[in-house]
Amino acid sequence: MTAVASQALPVGTTRGRVGAAVLLSGLTIGLLVAVVISAGHGQLAIPPVEVLGSVLHRLGLDVGPLPTHPQGDNTLWEVRFPRVTMGALVGASLATAGALMQGIFGNPLAEPGVVGVSSGAAVAAGAVIVFDVAFVGTWTAPVAAFVGGLATTLLVYVLSRDAGRTEVVTLVLTGVALNAMTSAGLAFLMFLGDTQAREEIVFWTLGSLNGSRWEYVAVVAPLAFGGILFAGLLARKLDLLALGDRAARHVGVDVERLRLTAIVLVAVLTAAAVSFCGVIAFVGLVVPHLIRMVAGPGHRLLVPASALGGALLVVLADLWARTAVAYADLPIGMLTSLVGGPFFFWLLRRARRTAGGWA
Amino acid sequence: MSQHARAVRLLSAGLLALALSACGLGSAQEASSSDGRSGAAGAAPDLASATPLADPRDWSGPSTAVIEDPEVRPVADDPSPHLPVTVTDAQGTKVTITDTSRILALDIYGTLSRTVFELGLGDRVVGRDISTQFAEAKGLPLVTRGGHDLNAEAILALDPTVILTDTSLGPWDVVLQMRDAGIPVVVLDSHRGLDNVGSLTRSVAEALGVPQAGRKLAQRTETEVDRVRQQIDKVTPRALADKLRTVFLYVRGKSGIYYMFGEGSGADSLINALGAYDVADEIDWSGMRPVTDEGIIAAQPDVVLMMTDGLESAGGVDGLLERLPALAQTPAGENHRFVDMSDSEILGYGPLTAQVLNALAVAIYAPEAVS
Amino acid sequence: MSAPRPPGSGAHLVARSVGVQIDGAEILGGVDLEVRAGEVVALVGPNGAGKSTLLSALAGDVVPTTGTVELDGRPVRDWAVRALARERAVLLQKQGLAFGFRVEDVVRMGRAPWHRTPRQEADDEVVTAALLRADIATLAERLFPTLSGGEQARASFARILAQETPVLLLDEPTAALDIRHQEALLTACRDLADTGCAVVVVLHDLTLAAAYAHRVCLLASGRVRADGPPATVLTATLLSDVYEHPVEVLDHPNGPVVVPVRHGHLSAARRSLQAEEVS
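Chains as they are written, first to last, in this note's numbering: chain A, 848 to 1206; chain B, 761 to 1131; chain C, 39 to 317.
It is possible that part of the hints are untrue.
Said to hold, decoys possible - The calculated label-pair distances, taken between Cβ atoms and stated as ranges, are: (1) A:1039 to B:883: 38 to 46 Å; (2) B:939 to A:894: 53 to 61 Å; (3) B:994 to A:1062: 52 to 60 Å; (4) A:1196 to C:243: 39 to 47 Å; (5) B:858 to A:1065: 48 to 56 Å; (6) B:1078 to A:894: 41 to 49 Å; (7) B:972 to A:880: 33 to 41 Å; (8) A:894 to B:972: 43 to 51 Å; (9) A:1065 to C:184: 54 to 62 Å; (10) A:884 to B:851: 33 to 41 Å; (11) A:1190 to C:110: 50 to 58 Å.
Stated by the list, open to error - Reference listing, derived: stretches of chain A covered by chain C, where coverage requires no fewer than 3 residues with Cβ under 8 Å from a Cβ of chain C: (12) 945-957; (13) 1073-1081; (14) 1139-1152.
These aren't lab readings, by the way, just hints derived from the structure by calculation.
Please read all numbers here as calculations on a predicted model, not as lab measurements.
All C-beta atoms, glycine included, are put in the ideal place defined by N, C-alpha and C.
Just need the whole structure built from these sequences, with the hints factored in.
Written out as structure tokens, the structure reads:
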């Protein structure tokens, strides 16, 4: 085509890189601040300077005052810190899983909670509790959640894709059907289960970080970090997938393998989030969306920024959940759904408008 | 997800919450009739001094079982615990207790805290669960807001040196966190029934280093229970067919869902001790499960046992019968034979077992005495 | 645009008696086609003749039921996906994009096969050149989904150019373009062929095919009806037969012009006259 007068084009991504650096460091700082604030607040009042002192002492520095409350140090290290850490890990996992799902479905409404993957994972994990199976110790629930999540993700994939496309209406209806099925599964498990099992299942459906322990953090952390890292490696290919299956293959993407890898990753990340903390919906929907609005759809930035943003969101939501009412824990899943639900409706309306219908 | 799916989810969450409060005690009940003494009904006299009905079926109208003298009667005045003590708890965990100066005893019916008080260690208890409603403990800070939910930071804030609990409160992870924090946690048998009142009492006492007081309290409780049971035996019909067909129903709120308590729930033991006929046992009903309308009609109970706050939340006897027409199709419904008792007492067992049995027996067999 | 490989190293795409059946229906049958380096081959034919299916088979998207497609002597299906992407680029009829990437990002996606190879050094340069060549540089910052159909087609063409492959397969690339951009795109195809590329382009506009293709392959009902230089394939008799519509081919200094016979433009008088003649 006739060349436009050889003007200097803004080709290159210098500006993009600067923007990315600003976004990522902004989110990192935000997360750190949120973690510090969160670590300093709780039902047991410990002044920030004592929190700092406690941390410094554990790091081997004899600086600052230790908590004056006799159980202050224990509260921080056995209750609050594992909980905050767990919140960050779960948020990061969910947001990354959301970004991944949206990438492989080419559909901004895909999310583990919305399409029923989280509840699928919860049913499987609930089953091992009710039937009192413990084949791999602390890892039993996560392994079951992974299998349940994987099965559900594959099911969503098979059911909602038609001729290489995932239509919004099919995806949403698949989610309705799957959520109905998993609700039934959970109800049945509750019927079978004893008091304690029932309580744990309720705990899952509402989602809560209460009761997070280092032992569980140790299980979730490798899954979350591994999953996020791997998701980062897929980022470039996920960008290409936006062209559509055929065009992606034409530029060298092994589409089927990419899809399968991504689905396994979604299952791993969802399992990481669900196995100890239950269904915390909409994090995977809201966070990647906000990031896309700010930074565009490129997955190389979207994946790490979503991970950070998800961690930030859940840490803040949990801070609210455990301090809003004295001595009580609001279910965090309820809080995220309260915010995420309206957001989802807004997205749905917008998707209808821009797509000119339900397609 | 569509509105529909959310609705389904919300609905199921509602059911779950209901199921949960069936297993635990709901949170809202605390204020209403907390000590079970707010009703018009009077306290039950000793069964021996009351005049029983000639035919226990020959009565209509509800009655409330109220304990006459619910004060704590410590078996010892400030016993000095022998510490440290190492016990193997109900889960097989070896726990060493070195300090009992700050005790937390938490379970779903408040039995453990009552036991600690009766052992004479009440002044060392630093907090309570929601079912611990007796006057001596009521001023203590609550660590289970929400009925069933243990709050880790709320517990740690009280700086307990030993925690006694069972598996009836959750999340279980919070109990584990307490162990992580270095606080000895003794897990006791969560079964409540006549068969283990003594052993449960002794286990609590052993864990607190006062085994002697424990034996004393267990002995006292068992003696009292034996006495009450003998008296009950005198007023109950001999023939199986004449015994009152009885069910324990758990109703909460106005949703129209109700649970029947069966084998292992504590209600089975209670009904047997009261000399009544356990319908749940007849149909092999175990645990705490929702019962259907037709199921309750088929059961044809003569008497329905309930928790006071549960009955109140359903709108009293009239509200309940209006809401659950199936119940009206039973002898108990026709005669309004609902016997209720405070949520924190009726299934608690422990040191109050004899008083609970006496109050219920009076309400069932000599209702005139409390009307 | 720099030459993807030295002229003469000869990309070579061959279809041998290719047949494609979908759900038992024969879409293509016994198709032989050879495309050599330095050639622009136009695939023409009526709707449903099998042009897009043949292009898919050449691209490796569709595995032929019978026969083989070979690229540089190796069956296309044996090529690794990424290696194949360095040899041939494909422009599909429909361009979709799931997310709001900028035009420049989309064009840069064409560079994906060269990621982590020495040639990625040239990414910025190649992308700039492709944007200019496809006349989409001024819209480089715009979001792809906000562009008009023709602009999207040009942006996608720029992506194909950026892929720098010796073989290009284009399915109706001019459908959404205005006259200026149609001419420019096909000129670019000729230029690529001159640097040693092999270009296959599906076209509906037979005059465009006549003007820019070295060879024209005329498909009808899944079979090759004619294959050769435009002048020998684009004859009034053959086209009228294949398209089932009378067609005139006019001579013009720039090459043959294919014009359908248009009844609608005849005067009412002549139409009634014709009607009388027929009866």
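Outcome of the hint check:
no.: 1; hint: A:1039 to B:883: 38 to 46 Å; in the structure: 44 Å, holds
no.: 2; hint: B:939 to A:894: 53 to 61 Å; in the structure: 27 Å, violated
no.: 3; hint: B:994 to A:1062: 52 to 60 Å; in the structure: 56 Å, holds
no.: 4; hint: A:1196 to C:243: 39 to 47 Å; in the structure: 41 Å, holds
no.: 5; hint: B:858 to A:1065: 48 to 56 Å; in the structure: 29 Å, violated
no.: 6; hint: B:1078 to A:894: 41 to 49 Å; in the structure: 55 Å, violated
no.: 7; hint: B:972 to A:880: 33 to 41 Å; in the structure: 56 Å, violated
no.: 8; hint: A:894 to B:972: 43 to 51 Å; in the structure: 45 Å, holds
no.: 9; hint: A:1065 to C:184: 54 to 62 Å; in the structure: 47 Å, violated
no.: 10; hint: A:884 to B:851: 33 to 41 Å; in the structure: 38 Å, holds
no.: 11; hint: A:1190 to C:110: 50 to 58 Å; in the structure: 52 Å, holds
no.: 12; hint: 945-957; in the structure: holds (count 3)
no.: 13; hint: 1073-1081; in the structure: violated (count 0)
no.: 14; hint: 1139-1152; in the structure: holds (count 4)
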